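Q: Chain by chain, the residues:
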Amino acid sequence: MNERELRELIAAAKAGRVSRRALVGKMLGLGLSAPFASLLLASAGIAQAPGETQYKPTKAGGGGLLKTLFWQAPTLLNPHFAVGTKDQEGSRIFYEPLAAWDADGNLSPVLAAEIPEIENGGVAPDGKSVTWKLKKGVEWHDGHPFSADDVLFNWAYAADPATAATTIGSYQDIKVEKLDPLTVRVNFAKPTPFWADAFVGQFGMIIPKHLFEAYKGANSRDAPNNLKPVGTGPYRFVDFKPGDLVIGERNPSYHLPNRPYFDRIEVKGGGDAVSAARAVIQTGEYDYAWNLQVEDEILLKLENGGNAKGRVEIVPGGNIEHIQLNSTDPWTEVDGERSSIKTKHPLFTDPAVRQAMKLLVDRASVEKHIYGRTGRATGNFVNNPSRFASKNAQWEFNIDKANRLLDEAGWKRGQDGIRAKDGKKLRLVFQTSVNAPRQKTQAIVKQACQKAGIEMELKSVTASVYFSSDTGNPDTYRHFYCDVQMYTTGMNAPDPGVFMRQFLSSEIAAKDNKWQGRNICRWRNDDYDKAYQASENELDPVKRAALLISMNDMVVGDPGVIPVVHRLAVSGISRQLRARLSGWDNVLWDLRNWYRET
Amino acid sequence: MSRYLLRRLLIAVPSLLGISIVLFAVLALAPGDPFGELTTNPNVPPEIGAALRAKFGLDDPVLLRYLRWLLAMLHGDWGFSFVSRMNVDQLILQRLPTTLLVVGSSQLLGLVIALPVGVLSALRPYSIFDQIANTLAFIGFSLPTFFTGILFILVFSIYLDWLPFVYRADIAASGWHWLWEEFKQAIMPVAVLGLFQGASWTRYVRAAVLEVIRLDYVTTARAKGLPERIVVVKHVLRNALIPVVTLVALQMPAVFGGAIVTEQIFRVPGIGSLLISAILANDTPVIMAVTFVFSCLVILFNLIADILYGWLDPRIAYR
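Protein sequence lines, in the order shown, are assigned to chains A and B. If you want the working numbering, it's the 1-based position in the first sequence plus 12. If you want the working numbering, it's the 1-based position in the second sequence plus 639.
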């Protein structure tokens, strides 16, 4: 095998056509040593085998108290009822999923003995089932053994609509069966390329059957263990005050040797993000601060101040701050609703106007002056993991070009400087939630639009109204009774499958579905719908990625949405703390391996 | 006296009912949805939010919801938090000790400052001491607590690094060490609240004492040759403090209500921070319970103030 062949093989592995395991096997056959093969792959950018971590402590315990600050504190500790990520984080201290997502979007086994693959027989070649082998010798905190029955129970519990679990989306369409006490098989109704949803990551935490069995269904809220978790995690439950405090102590019978390092963990809530950043970076009162939604300027000042005791850690996930152009007419009421799918937007029907809008968003300035390190200017709706990020979408900020486009399309400037055509003036209303960075972004867009002869009126709605599901309130982002709007949406797993549903014609938000449809900008494209259908059944990861990328290109090319910045997750970490964070899972996904360098 | 009490208590019932109706109506009319966060999550199907709303009866008419709440309240059931899925009384009881400790000791501090300083200033009006005390008092109550709070954090936590600025309700220590840690973390929030309160009370005590000290019976007492200490304590203070007692009694509900802004700044897990997070999360049962308890306390302490008034000043008769 010559270098070219080897390089091709690595490239194939990189694209996901050959598994890492198969590749290492081939290399070993060539006489290369295993560490060398790993090294080669690592240098080629292929992730390390999951579970490999640089964990230095040689015994469990002795690390003292780990102090973490969550300015939004957990309010409940049953992962199946988690309303936001804060509740998942609180549960994650005590409960574990079968596998977790690392920063690169790769699976790492937790309660599973190994990650299912086609090669090890875990993933069925027809994509209709996946078999999980469970780790041996795992115990719940109360000493009960963990087994396939627990996994089975979690499926039944979450899938029961009467339980009203917030994780139901991951469990309602699957069937789970027990093959033996340590093996379960998840069956899908149709071929499912992205199988790592149930029992994985933030929606996958597993609760014990023996404590929750009596509380499945309508009386789920009465379970005493909703507030006193008994899990398999590295820390055992000590105390919980909703909205204020979660305390855990070291689990002496944890299923990984020498872990965890800390004797106690404390999650303190309340306050605001800026003072949380101070407590970790400046005074060192705390070891870790979650989700520092703080202007980068302030973070930099804290970090660069004399004897800073902590640093900022930024990990990319799947959040995208984007601008939506309404495809329907928000100002005409049809059958009791505005922005009805029966109408067309009076201005955006002209492709020139949409293209001009795309040229008028100064992403570089937004990144530089507003988000700093915490947001990357982008032309893509899907930016991460890199295997799904399109290389085609370019973005540029060019007022002259926008002017030219509008001139050519016949939009003439009036005496007031505002363009008009056929008696229709280029006047737009741009709404978003009340949030300082968003208002600044609005101003930047407005300024550019003004120079191109588009008059833009800015509107900001309180977040609690804007993001509510209130069907009676016309100011929610779902009603979209406006020409242009901006907010952040994100994918929870490193796979855009579910995420890209939000541009399907069948998902359009309307009065009929109480505005619960996912397609809020009401953008429609038959090719997109077809590509999505194809991607649902495409089992070849490369072809599927290509389909998803083409969908991204469609929605940003003939813009239904204008991506602005890829927003990253920001944490504050003390200088001594060693913690691996991931944008694809809860920040506490790898808590068992956290330790303090002395 | 007992007839008066009975009448006052009977009057309290319709006012509490009225308060609860207003509170409930305002909360029902306010926008927002406790499960709003779910709807922005693409992984949670919309039916779940709808099912949860149905389960907690959020889609029922306002009147029905109110009657249900009232009936439960009469049974002593304070409701069930949507957000934490636990009983509201439990949530409030968890927060109560911290609130009583922090806000209670700040009120004590306020009194301890206000009484002697106010009396001394009034005894020697326009002296240097009075001028300084007055100036400080004006500064004290014109600076809002959120400002002094942040100022204290900057000076004592960040520049001097003496005091922690995150209040922890669970200090894992015992004995003197525990007491010391508790003391250290409580200094800043207690001082912020206490100095603010003390400043306005000082002005009040001074005015009250000044009014009394010029009266004829004080002159008479002095003329009798009574020692100054007895004149001040027995003759002046007893009468001057009547309005002050009312003021302090009316302030007591605030001790239970906590201090929203200061609790937020120092992360004190009190009732104020419970209320603010419940409001932000649209957790109506919690908001309802906290505000309702608060209004009950206001009415109760009004009554107590009136009774105390009569006890201190026998000229006031109850009819």
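Honestly, the hints are just simulated from the structure, not real lab data. Check each hint, because a few of them may be wrong.
[Stated by the list, open to error] Cut-off 27 Å, straight-line C-alpha distance, at most; resulting in silico cross-link-like pairs (DSSO-like, lysine-lysine): (1) A/K187 <-> B/K694; (2) A/K523 <-> B/K694; (3) A/K253 <-> A/K356; (4) A/K526 <-> B/K694; (5) A/K148 <-> A/K221; (6) A/K463 <-> A/K436; (7) B/K694 <-> A/K253.
These figures come from a predicted structure and were not determined experimentally.
Q: For each hint, tell me whether it holds in the structure or not.
A: Results of checking the hints against the structure:
no. : hint              : in the structure
1   : A/K187 <-> B/K694 : holds (26 Å)
2   : A/K523 <-> B/K694 : holds (23 Å)
3   : A/K253 <-> A/K356 : violated (51 Å)
4   : A/K526 <-> B/K694 : holds (18 Å)
5   : A/K148 <-> A/K221 : holds (17 Å)
6   : A/K463 <-> A/K436 : holds (18 Å)
7   : B/K694 <-> A/K253 : holds (24 Å)
Hint 3 from the list above is the single one not met by this structure.
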